[in-house]
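Asks: In order, the protein sequences belong to chains V and R.
Note that my numbering has the first sequence beginning at 67, numbered continuously upward.
Note that my numbering has the second sequence beginning at 3, numbered continuously upward.
Hint data in this document are derived by calculation from the structure and do not stem from the laboratory.
A portion of the hints provided could be inaccurate.
In silico contact screen, one side only, chain V against chain R (beta carbon under 7 Å); selected entries [said to hold, decoys possible]: (1) Met-68; (2) Tyr-75; (3) Arg-79; (4) Arg-82; (5) Asn-83; (6) Val-147; (7) Arg-151.
Remember, predicted model here, so these are calculated numbers, not experimental data.
For each residue, glycine too, the CB sits at the ideal point set by N, CA and C.
Single-letter residue listing:
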Amino acid sequence: MMGFVYARYELLRTFRNRRFWFFSLGFPLVFFWLIASPQHNKIIEHTGLTYAAYYMVSLASFGTMMSMISTGARIAGERQVGWTRQLRISPLSVRAYFRAKVLTGYVMALLSLVVLYISGAILGVHLPAGHWLGMTGLIVVGALPFAALGVFLGHLVNTDAVGPLMGGLVSILAFLSGTWFPITSGFLHSFGQFLPSWWLVQARNVALDGQGWSTRGWVTVAAWTVILAAGAAWAYQRDTGKV
Amino acid sequence: MQPMTAQASSRNGGGIRLRGLTKTFKSPQGTVRAVRGIDVAIDPGETVALLGPNGAGKSTTIDMMLGLSKPDAGSVSVFGRTPHDAVDAGLVGAMLQTGQLIRDLSVRELVAMMAALYPDPMDVDEALQLTGLKDIALQRTQKLSGGQTQRVRFAVAIVCNPDLLVLDEPTVAMDVEGRREFWTIMREFASRGKTVLFATHYLEEADANADRAILMAHGRIVADGPTTEIKARVGRRTLRATLPSVDPAKLAELPGAVSAERHGDAAILSCSDSDQTIRALLAQYPQAKDIEIVGAGLEAAFLELTGEPDLDEPEVVAQ
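Just chain R, with the same shape it has in the complex:
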């Protein structure tokens, strides 16, 4: 097989472009407008998080990007090709949201089988090494734990050495340690100049592992920008404490705090970094008690961002 590294930079011109992408499903509850006309441009080499609560349309968008489902309207271009052509050219690797492994093969055999389907695969041992599967390489796929299965699926996605790696909620079945390791490997892979798109409903994952986050809610994009910016917009936490006779204006000046107000004896602070705020609060006001810190949650943050709970009214699309 010919090495294709020389071509690698030219073959992925154009990045990923989604234009006016729309998908509607029929379900027993009625018509679900899963994706409602989204536009996305991702440049080669970017690592982008597709962030949103369940039912936001993330998986539907990913399925259309991979050519697994046909959009009702709009178009997808992956490195200047249709999803189907990009897949045929071996440019795309993916870890889908659901899925297990076929049985009766060893981990190594399964990864090697998938590698053989691609024009320019990674060395199988390198992929196993990278994903920490060396020790269980000879185990049969039907005898793995949930976390190990996820790792093998990850190895399958990267062994094809794709220019675009798509991960749909990849850490769902993993424990904390497993997640940490997973993202370390993902960043190592991304640093090879790969384009990575991953879907998640954890803001922390997006923040720690992506350059940019695209927020989806109810089938629409509600924000798109650097993760720091997104985090500042949706990552607020509310800190409550019983703290009589302290001026809210002073509390708002605490590090990590954005605003503060008072309800009777209770002080309520809105924080962009509640960890910093709580440390400073306790240092300056040791008398504070009954302290609670509550995350807003993405769903609540999205509602705040979009300003309305129900987006089912017809949308006027400016074209």
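Pulled out of the complex, with its shape left as it was, chain V reads as follows:
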């Protein structure tokens, strides 16, 4: 109950934050329309997807990554003003605290997803209901490692560094994961498959044939989730043990 009320205020705060609207929603939305609208029905080579479908999922993945990682910026900000200490002397459990953070990340991510789905539909992306749901499901699961990454960075890095670090990281991951153009062969193709963001972007294949991730995709996402969650737990311990 108290965790619920806390999460509600956490959401309210995030909605009032201009940076969120810009990076997690505005940025992907603007880029989607810029890239996809001039040739939305054209098929992109090697992918079988139209520009609209390809960039809809790509930029939805980008917004999702941004939303989840920006949890880190909120945590770093709260640490800086000493609010984390204030919460530690309240009955709010550590579990409820992180639940609220991750939940907020997900609400933001789903919002950017919906906005891009609507944009995609306007530009002619038509999929069976099952495919929309399957794609959403994969993105929700694929966002998990980034939820952990956000908590990890939030407790490791200070406020000054967290912004550039997150921006840089998301840009590089987006590039290596085929967000901006298809990576279908060569070193980048082999390397990309080791990244959790690769599989987030791969959710678009549902639009093609209704097929989800390969086993390799599930294993990669699960492994990153475990590794980053352990890192997040370590960073939290290190941060609060120091006091």
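Please arrange chain R on chain V, whose structure you already have, making use of the hints.
Replies: Same frame as chain V, now just chain R:
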């Protein structure tokens, strides 16, 4: 939510007990023995000042009481529980020494959010009323002045309606008027049967607002007793005046004076209440001139009390 007032008196049995509390830090300058084995017992309902100069170990002691830091040795019991359990049960509210507010909420929303985390909170409007925040309740937290921020932090500490309220140098960022109001509210809150512990380096604050003062210096307790007693011990001021040919013994009899001596033409009086002494002095000896009144300062008073400037030699603890 169930009202818990019936339980309130029984749930805080035992008060606060610190036993042999010790904390050492590693710093670039070497090892700092911040707290060196202190014993404190505070009964429920007491208002206690933790008084000492900067670096005395007050904040370290408070952090251990709140469970924010682990003692190297010794134990803390808060109403018969560990600090962690007491915090989880919502028995403790605190205003830490440093800290600002999270942004993007109104003052009212922030206070309401914190209230929602506790089992038996105060009414949010009552807390805002009490702390004088009614007029700025709808302002965003990032747009407040330093003094307003302190008030909101105070509201956050009391809205949870804790049995133990801990305030670590709460008036540091406040102006004179702000301080006066702050202590008025604190006393009003304490009068509800709450236990209050506040850290300060102002003797006047301790004297005016606490029943009892615990003096800390160099990680140790050097005095513990009613504030009047503490004040008499450390609150002396020195009054100097050019006043030839008056018997020091007569000067020592002035109200508020404790002792007097003479150096040439200068009379030097040690006063427990220099205000009274100066009035009487000028009434009886209008020829007195070049008058100076100097406070000893807590640091000097502590050195006098402990009798040595450096306490870094190993301590023999009788256990």
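Asks: Against chain R, is V:Tyr-75 within 7 Å by beta-carbon distance?
Replies: Holds, because the Cβ-Cβ distance from V:Tyr-75 to chain R comes to roughly 4 Å (cut-off 7 Å).
Asks: When the nearest CB of chain R is found for V:Asn-83, is that gap smaller than 7 Å?
Replies: holds (6 Å)
Asks: Does the closest beta carbon of chain R sit nearer than 7 Å to the beta carbon of V:Arg-82?
Replies: holds (4 Å)
Asks: Hold the hint about V:Arg-79 up to the distance rule: shortest CB distance to chain R must be less than 7 Å.
Replies: Hint holds; V:Arg-79 Cβ to chain R Cβ min 4 Å, cut 7 Å.
Asks: Would you settle whether the hint for V:Val-147 is holds or violated, based on the nearest Cβ-Cβ distance to chain R being less than 7 Å?
Replies: holds (4 Å)
Asks: Using the nearest Cβ pair, does V:Arg-151 come within less than 7 Å of chain R?
Replies: Hint holds; V:Arg-151 Cβ to chain R Cβ min 6 Å, cut 7 Å.
Asks: When the nearest CB of chain R is found for V:Met-68, is that gap smaller than 7 Å?
Replies: Status holds, d = 5 Å.
In this structure, none of the earlier numbered hints is contradicted; all agree with it.
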